[in-house]
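Visitor: Sequence:
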Amino acid sequence: MKTIAVAVICKTPAPGKSKTRLSPPLRPEECAQISSCFIADLSATIASLAEDVDVDGYAVYTPAGTEEALKLLLPPGFGLVLQGEGNLGDRLEKGIADLLVAGHAGAILINSDSPTLPKSILRAAVDALKTGDDRVVLSPALDGGYTLVGLSQPHAYLFKDIPWSTGDVYRLTLERAREIGLPVVELDAWYDVDDAETYALLEREMEGLPLAFAAPGLSGESAPRTTDFVRHRAASGAAVKAGTMLSSVAVVIPCLNEEEPIADVVRDVLAAGVGEVIVVDNGSSDRTAERAAAAGARVISQPVRGYGRACAAGLLALKPETKIVCFLDGDGSDVPSFIPEVVEPVRAGTADFVMGSRLRGHREAGSMTPQQIVAGWLSGVLLRMVYGVRFTDMSPMRAMRVDKLLALGMIEQTYGWNLEMQMRAAAAGLRCVEIAVDHRRRRGGESKVSGNLMAGVTAAWKITTTFIRLARLQRRSSAAKAGLTARSLPDGRH
Numbered sequence: 001m002k003t004i005a006v007a008v009i010c011k012t013p014a015p016g017k018s019k020t021r022l023s024p025p026l027r028p029e030e031c032a033q034i035s036s037c038f039i040a041d042l043s044a045t046i047a048s049l050a051e052d053v054d055v056d057g058y059a060v061y062t063p064a065g066t067e068e069a070l071k072l073l074l075p076p077g078f079g080l081v082l083q084g085e086g087n088l089g090d091r092l093e094k095g096i097a098d099l100l101v102a103g104h105a106g107a108i109l110i111n112s113d114s115p116t117l118p119k120s121i122l123r124a125a126v127d128a129l130k131t132g133d134d135r136v137v138l139s140p141a142l143d144g145g146y147t148l149v150g151l152s153q154p155h156a157y158l159f160k161d162i163p164w165s166t167g168d169v170y171r172l173t174l175e176r177a178r179e180i181g182l183p184v185v186e187l188d189a190w191y192d193v194d195d196a197e198t199y200a201l202l203e204r205e206m207e208g209l210p211l212a213f214a215a216p217g218l219s220g221e222s223a224p225r226t227t228d229f230v231r232h233r234a235a236s237g238a239a240v241k242a243g244t245m246l247s248s249v250a251v252v253i254p255c256l257n258e259e260e261p262i263a264d265v266v267r268d269v270l271a272a273g274v275g276e277v278i279v280v281d282n283g284s285s286d287r288t289a290e291r292a293a294a295a296g297a298r299v300i301s302q303p304v305r306g307y308g309r310a311c312a313a314g315l316l317a318l319k320p321e322t323k324i325v326c327f328l329d330g331d332g333s334d335v336p337s338f339i340p341e342v343v344e345p346v347r348a349g350t351a352d353f354v355m356g357s358r359l360r361g362h363r364e365a366g367s368m369t370p371q372q373i374v375a376g377w378l379s380g381v382l383l384r385m386v387y388g389v390r391f392t393d394m395s396p397m398r399a400m401r402v403d404k405l406l407a408l409g410m411i412e413q414t415y416g417w418n419l420e421m422q423m424r425a426a427a428a429g430l431r432c433v434e435i436a437v438d439h440r441r442r443r444g445g446e447s448k449v450s451g452n453l454m455a456g457v458t459a460a461w462k463i464t465t466t467f468i469r470l471a472r473l474q475r476r477s478s479a480a481k482a483g484l485t486a487r488s489l490p491d492g493r494h
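With UniProt numbering as the guide, the letters of the sequence shown map in order to residues 1 to 494.
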C-alpha cells in the first residue's frame with residue numbers, strides 16, 4: 001500500500017535569514033533559534049503520526065548545502081527534498097509533484113510556522129487523501145493563508161498567480177479549485193507564528209490559555225522545544241524584551257564530547273537573551289562542534305585538553321564590545337534561564353564577580369555527587385579562612401566583567417580554573433556575590449569529573465592542592481611587590 005508523504009516546507013535556520021518578520025520583538029539570533037524549534041517540534045509531530053498511520057516524513061527545504069544542519073533538527077528516517085526556484089507557489093507546486101513522483105499516494109506540505117499544529121488536523125488530512133480520490137485538502141490559517149495543503153494528484157493551477165503573504169491566499173485557492181472542478185476538503189483552522197501579534201498568541205498558548213479561534217475540543221500539540229524557548233525567554237524578563245541589557249554579555253561554554261546535550265544548551269542560552277554564545281571545543285571526538293554551530297553558537301577550537309585552557313581560549317575570543325562574560329558547562333546540568341539573575345549584579349555595577357551556588361538552589365536528585373558537595377564546602381571554608389569571603393560552591397555558572405577577569409592573571413589550565421578565579425577575585429578585593437541557582441542531572445554524555453568515583457576523587461585532590469599552591473603563590477607575589485615598594489621608597493615617603 002502506498003503511503004502519504006507529510007512534509008515540513010522550510011528554510012534551514014540561520015541568523016538574519018530566518019523568520020525575519022519576528023524581529024522585533026525577537027533578535028535575529030532568536031529568530032533562527034525559534035525557527036529551529038518550530039521545525040523540530042513539527043517534524044516530531046509528523047513522526048508521532050507515523051506510528052499510527054502509513055505516512056512518511058519529509059522536509060522540503062532550502063537552501064542547498066544545508067542538509068547536515070537540517071538533519072540535526074529532524075527525526076531519524078526523515079527524507080529531504082530540495083525546494084525548486086521561484087516564488088512560494090512555484091516551490092509548493094514542485095514540492096508536491098516531487099513527492100508524488102516518488103511514489104506516494106498523496107502529498108501534504110505543512111507551513112513550518114505552525115509548531116503546535118494539532119495532530120488531529122494532520123490525521124484528518126491523511127485520511128482525506130487515503131481514499132485515492134482527486135481532491136485538495138486545506139487547513140486555513142488565521143492570516144488568510146493556509147497551514148497545510150494536500151493533493152493526491154498534481155494541480156499546478158492552484159498555485160499560479162496567487163498574491164502570497166496576503167490575506168487573499170486561502171480565498172483565491174478555493175476559487176482556483178472551483179474553476180477546475182477540484183473537490184476541496186476544508187479542515188479545522190490553525191495559526192502561523194510569523195509576526196509580533198502571532199508570537200503573542202503563541203505565548204498565550206504556551207501559558208495554557210484558551211485560543212478563541214480554535215474549534216471546540218481542539219488544542220495544539222505540546223511542542224516542547226518551542227515551549228522551552230518561549231518560557232525561557234519570558235523568564236529572563238525585560239532584559240530580553242528590550243534586547244539591549246544583555247547584548248554586551250557573552251557566554252563561554254567549554255566542551256569535550258557533549259554531542260548529545262550541546263545543541264539544546266546553546267539554544268537555551270540564546271533564549272536567555274545574551275549577545276553571543278561561544279562554545280570551545282576542547283578536542284572532542286564526536287559531533288559537539290557541528291551541533292553547537294548548527295544551534296547558533298560561535299565555535300572555536302582548543303585541541304589541547306584542559307578545562308582552564310578551554311575557558312581561557314573562550315575569554316580571549318570575546319569580541320571587543322563584550323563587557324561581561326558568563327561561564328557554564330555544556331552538559332545541560334546548569335540552567336540557562338538563571339543567566340540574567342547571575343549577570344544582573346555585574347551589569348548593574350553592584351558586584352564585580354557573581355557565582356551561582358548549586359548548593360543554595362534546587363538540585364535535581366543525583367545531579368551532584370557527594371565528592372562535589374564536599375569539595376564545594378571545603379573550598380568555601382578555605383576561602384573564608386584565608387580571604388574572609390563566603391562561598392558555598394565552586395559552580396561553573398559565574399559572571400564577571402571582562403576587564404577585571406583579564407586583570408586577574410589566571411594561570412590554571414585544568415579543573416583548578418574555577419577555584420583560582422574565586423581566590424584571585426577575593427585576593428584582589430573585588431566585590432564577590434553568590435546567588436542560588438538550580439542544577440539538573442546532565443542531559444547526555446559522560447561526566448569528566450563527577451560521573452565516576454576516581455574522577456571525582458582526582459578532582460577533589462586537584463582542588464585542594466590548587467588552593468594551597470595558589471595561596472602560596474599569591475603570598476609570594478604580594479611579598480615581592482611589598483619589597484619592591486620598600487626599595488623604591490627608602491625614606492618611607494609616598
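Keep in mind the hints are simulated off the structure, nothing from the lab.
Even glycine gets a Cβ: it sits at the ideal position worked out from N, Cα and C.
Careful: at least some of the hints might be erroneous.
[Unchecked claim] With a straight-line Cα cutoff of 20 Å, these simulated EDC-like cross-link-like pairs (lysine to aspartate or glutamate) come out:
#, residue 1, residue 2
1, K130, D98
2, K17, D98
3, K323, E344
4, K2, D134
5, K319, E29
6, K119, E68
7, K71, E344
8, K160, E85
9, K130, D54
[To be verified] Listed next, with one range per pair, are the computed distances between beta-carbon atoms:
#, residue 1, residue 2, range
10, P163, P303, 14 to 24 Å
11, T20, L378, 49 to 59 Å
12, R123, P210, 18 to 28 Å
13, D90, V304, 50 to 60 Å
14, K71, G132, 28 to 38 Å
15, L172, L218, 46 to 56 Å
16, T62, A365, 36 to 46 Å
Visitor: Please go over all the hints and tell whether each is borne out by the structure.
Guide: Comparing the hints with the structure gives:
Simply put, K130 and D98 have alpha-carbon atoms about 18 Å apart, close enough for the 20 Å limit, and the pair holds. For the hint pairing K17 with D98, the CA-to-CA distance comes to about 25 Å; that exceeds 20 Å, so the pair is violated. At most 20 Å may separate the alpha-carbon atoms for a hinted pair to count; K323 and E344 meet this at roughly 13 Å. A distance of roughly 15 Å separates the Cα atoms of K2 and D134; the hinted pair therefore holds under the 20 Å criterion.
Among the hinted pairs, K319 with E29 is consistent with the structure: their alpha-carbon atoms are about 16 Å apart, no more than 20 Å. For the given pair, K119 sits about 27 Å from E68 by alpha-carbon distance, which is inconsistent with the 20 Å threshold. For the proposed pair K71 and E344, the alpha carbon gap of about 37 Å is over 20 Å, so the pair is violated. Only pairs whose Cα atoms come within 20 Å are accepted, and K160 paired with E85 is accepted, the gap being roughly 14 Å.
Simply put, K130 and D54 have alpha-carbon atoms about 9 Å apart, close enough for the 20 Å limit, and the pair holds. Distance hint check for P163 and P303: the Cβ-Cβ separation is about 54 Å, which falls outside the suggested range of 14 to 24 Å. For the hinted restraint 49 to 59 Å between T20 and L378, the CB-CB distance of approximately 51 Å keeps it satisfied. At roughly 22 Å, the beta-carbon separation of R123 and P210 lies within the given 18 to 28 Å, and the hint holds.
Checked against the hint of 50 to 60 Å, the C-beta distance between D90 and V304 comes to roughly 51 Å, which is consistent with it. For K71 and G132, the hinted distance range of 28 to 38 Å is satisfied, since their beta carbons lie about 32 Å from each other. Checked against the hint of 46 to 56 Å, the pair L172 and L218 fails, with Cβ atoms roughly 25 Å apart. Distance hint for T62 and A365: a CB-CB separation of about 45 Å, consistent with the stated range 36 to 46 Å.
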